[in-house]
Amino acid sequence: MQVIVALGIAIDLFIALFFPVKYRTCRTTVFVVFFMVLGSIFSLTIVVWGWIVRNDEVIPFCNPPLGILIFIFIFIFNVYLYFFSVCSYFFLRA
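Residue numbers (numbering that gives the first Met the number 0): 0 to 93.
Keep in mind that the hints were calculated from the coordinates and are not lab data.
Just so it is clear, CB atoms sit at the ideal spot from N, CA and C, and this is done for glycine as well.
Worth double-checking, as some hints may not be accurate.
Computed beta-carbon distance windows for the label pairs [as the list claims (entries may be wrong)]:
(1) R92 to T24: 18 to 26 Å
(2) V4 to V52: 37 to 45 Å
(3) L16 to D55: 50 to 58 Å
(4) V52 to F17: 39 to 47 Å
Here are the simulated lysine to any residue pairs, SDA-like style, with alpha carbons at most 20 Å apart [what the hints assert, rightly or not]:
(5) K21 to F33
(6) K21 to F90
(7) K21 to G7
(8) K21 to V31
(9) K21 to D11
(10) K21 to F34
(11) K21 to L68
(12) K21 to I40
(13) K21 to I10
(14) K21 to R92
(15) K21 to V32
Produce the entire structure from the sequences given, and follow the hints as far as they go.
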């Protein structure tokens, strides 16, 4: 969810700097609701996928990240890497 928030902030800053007139006239509620829905869908997708592929293996003590299957961990890592790249692009453009 933090990745989606960072992406929203980056896009907001980008629009504010490059399109100031449009930024002042756009509705904030629509923008906020869009990113809340986007973040919720992203989070729920990961949670449901993890629930579907869960298993009954014992999780090593004090190491909860190892409880995630490796292909889910790789997918989440790649998605975060992509979103951080997009955020970096928007921040560097601004």
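Okay, the hints, checked on the actual structure:
Take R92 and T24: their Cβ atoms lie about 21 Å apart, and the range 18 to 26 Å holds. With their beta carbons about 26 Å apart, V4 and V52 fall outside the hinted range of 37 to 45 Å. With their beta carbons about 51 Å apart, L16 and D55 fall inside the hinted range of 50 to 58 Å. Remark: the range hint 39 to 47 Å for V52 to F17 is upheld by a beta-carbon distance near 42 Å.
For the proposed pair K21 and F33, the alpha carbon gap of about 17 Å is at most 20 Å, so the pair holds. Between K21 and F90 the CA atoms are separated by roughly 19 Å; this keeps the pair inside 20 Å, and the hint holds. Between the alpha carbons of K21 and G7 the distance comes to roughly 17 Å, so the proposed pair stays at or under 20 Å and holds. A threshold of 20 Å between alpha carbons decides the hint, and for K21 with V31 the separation of about 16 Å falls inside it, so the pair holds.
As the CA atoms of K21 and D11 are separated by approximately 12 Å, the hinted pair is consistent with the 20 Å bound. In summary, the hint linking K21 to F34 is supported, as the alpha carbons are separated by about 18 Å, within the 20 Å threshold. With a C-alpha separation of about 45 Å, the suggested pairing of K21 with L68 is violated against the 20 Å cut-off. Distance check on the hinted pair: K21 and I40 sit about 27 Å apart at the alpha-carbon level, beyond 20 Å; violated.
The suggested pairing of K21 with I10 holds, with an alpha-carbon distance near 13 Å, which does not exceed 20 Å. Between the alpha carbons of K21 and R92 the distance comes to roughly 18 Å, so the proposed pair stays at or under 20 Å and holds. For the hint linking K21 to V32, the alpha-carbon distance of about 18 Å falls within 20 Å, and the restraint holds.
Against the hints set out earlier in the document, violations occur for numbers 2, 11 and 12.
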